[in-house]
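Residue numbers (this note's numbering), protein chains in the order written: chain A, 1 to 300; chain B, 1001 to 1220.
Everything labelled a hint here was simulated from the structure, so no lab data went into it.
These numbers come from a predicted model, not from an experiment.
Just so it is clear, CB atoms sit at the ideal spot from N, CA and C, and this is done for glycine as well.
Mixed in with the good hints there might be a few duds.
Said to hold, decoys possible - Label pairs and their computed distance ranges (CB to CB):
| # | chain 1 | residue 1 | chain 2 | residue 2 | range |
| --- | --- | --- | --- | --- | --- |
| 1 | A | R260 | B | V1104 | 15 to 23 angstroms |
| 2 | B | I1185 | A | E98 | 42 to 50 angstroms |
| 3 | B | G1035 | A | E105 | 39 to 47 angstroms |
| 4 | B | N1122 | A | N295 | 23 to 31 angstroms |
| 5 | A | T83 | B | T1096 | 43 to 51 angstroms |
| 6 | A | E245 | B | V1104 | 26 to 34 angstroms |
| 7 | B | G1034 | A | F273 | 18 to 26 angstroms |
| 8 | B | A1138 | A | D182 | 52 to 60 angstroms |
| 9 | A | E240 | B | F1021 | 31 to 39 angstroms |
| 10 | A | A108 | B | F1042 | 35 to 43 angstroms |
| 11 | A | V160 | B | G1034 | 30 to 38 angstroms |
| 12 | B | N1122 | A | R232 | 48 to 56 angstroms |
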Amino acid sequence: MLIKRASDIQPSEITDEKLFMNRRSFMAKASAAAVGGALMAGPVKAASEDDDLTPWETVTGYNNFYEFGTGKADPAKNATKFTTDEWSVKVTGDVEEERTWDLEEMIAGFTVEERIYRHRCVEGWSMVVPWNGFPLGDLIKRLKPTSEAKYVSFTTLYDVRRMPGQMSPVLPWPYVEGLRLDEAMNPLTLMVTGVYGKKLPPQNGAPIRLIIPWKYGFKGGKSIVRINFSKRQPMTTWNEAIPREYGFYANVNPEVDHPRWTQATERRLGEFFRRDTLMFNGYTEEVESLYAGMNLRKYY
Amino acid sequence: MASGRFGLIPRIKIVVWIAAFAPLLILIDRILLGGAYIGGPFVDDPVELIQHWTGRTALILLFVTLSVTPLRRFTGYNPLIRFRRLTGLFSFFYATLHVFSYFVFDHRLDFDSIIEDIIEHNWVLVGFTAWVLLIPMALTSTTGWIRRLGGKRWNRLHRLIYGVAILGVFHFLWLVKLELTLPLIYGGVLVLILAARIGVKQRAKKRPAPPPSASGGVGR
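Work the whole structure out from these sequences, hints included.
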């Protein structure tokens, strides 16, 4: 886990609002840096050479993004022409003001950090990815949910012409994923706009996606066009498709198996032998308080 | 032998050997040589490739083996029977690679963890059973064993192949997350082959059976 210092912003670039946002993100970063310190302990315990970065080819060539096909190589192949210009995001539900944001405007002023996270798929493989993004909590503060809001959900673009995989009824489109608001506000939860220091490629969920490193990968919605705040737990796609196999929480948990396969071990892509899966994907210290007193077997 | 040393049969046999080894050579090239000879995209997950590739090859060769008899009856070309043992053994070879890659890479040969996985997960159990059932057929595939068992008993034992093929398809169906297309295609092909075999059997009942072939005279 690594958190980059703020890139030096020229004083001339800073307007009053930016100054304000920058100060806010500085404070967020200060707390995130503290988290970062804690996270550094993880890899040290597990021997840091065990968490080598997964190569760019794999991060951008081995993807589950059924909107572009169900094969692992399909998204990279079928998303090459996918453009994300003039992207807008609808913010709805329990917010002070429902509105459609221009993406640029919605995320303006947030300082993009690099965060190296383990990424564990429910299928039993994993990666280590240097994402670029900002804490979702910062964005949520800007979107101003009401005090009634307890959950937040993220909807992926539904556009069959641009996302050919949606022609197949393999999942109930559009793809929706969601979090409890306190999970969403956790400093680890990241809105991602880039990877390996580059703009996020379409097959990884351009222009903006979610990463929740202690949950299975499918919780991280891609190509987000709508953010909805609600009082009740939202319906989420995989949970709706196969409720017995995919729960709403989907926390990485080596003790709770998928009905058809083990979750106790995983294969880091490129390696031959499986390794033990870590509770909460190795982020226990940062997130376990979210689930105090909860039966994680029941809320899988 | 009806065909000489350089006759048609030995030549076809060479082709069958090459075709049956080709999947292994492609796999070795892609994983160990980075696709230097045959090419193919960057391999992100070599173990997944090994397991999917060997598993599918084993199933395809099993289907080929099952097709020999109906093909022989439809075409009337009896020497086809001479390739059945070869394709059956190659199917066992790939199934064994498949199972051992699972033993070694997924479980580091840890016996307890293998047993636990087999007991707890239906699709592993089904796949493992299919492989176990292949073993007696592979062991009794020699001419000596055919003689020792006698055609009838040998035939009965080798009817296990139907069970193996059905279990193999279920193993495939159960392991996929959601995308059923490919395992359903395999299932469809198996249904067609089995239907063809039934059709051939019924036709054979109406007409006297053709004389048994010279070697491995166990055609059904």
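Hint check results:
1. R260(A) with V1104(B): 15 to 23 angstroms: 22 angstroms, holds
2. I1185(B) with E98(A): 42 to 50 angstroms: The hinted range 42 to 50 angstroms holds for I1185(B) and E98(A), with Cβ atoms some 47 angstroms apart.
3. G1035(B) with E105(A): 39 to 47 angstroms: 46 angstroms, holds
4. N1122(B) with N295(A): 23 to 31 angstroms: 25 angstroms, holds
5. T83(A) with T1096(B): 43 to 51 angstroms: Taking Cβ atoms as reference, T83(A) and T1096(B) lie about 49 angstroms apart, which means the hint holds.
6. E245(A) with V1104(B): 26 to 34 angstroms: Given about 28 angstroms between the Cβ atoms, the range holds.
7. G1034(B) with F273(A): 18 to 26 angstroms: About 20 angstroms separates the Cβ atoms of G1034(B) and F273(A), which means 18 to 26 angstroms holds.
8. A1138(B) with D182(A): 52 to 60 angstroms: Holds, at about 58 angstroms.
9. E240(A) with F1021(B): 31 to 39 angstroms: Given range 31 to 39 angstroms: violated, Cβ gap about 46 angstroms.
10. A108(A) with F1042(B): 35 to 43 angstroms: 37 angstroms, holds
11. V160(A) with G1034(B): 30 to 38 angstroms: Holds - the Cβ-Cβ distance for V160(A) and G1034(B), about 37 angstroms, lies within 30 to 38 angstroms.
12. N1122(B) with R232(A): 48 to 56 angstroms: With a Cβ separation near 35 angstroms, N1122(B) and R232(A) fall outside 48 to 56 angstroms, so the hint is violated.
Going through the hint list in order, the structure does not satisfy hints 9 and 12.
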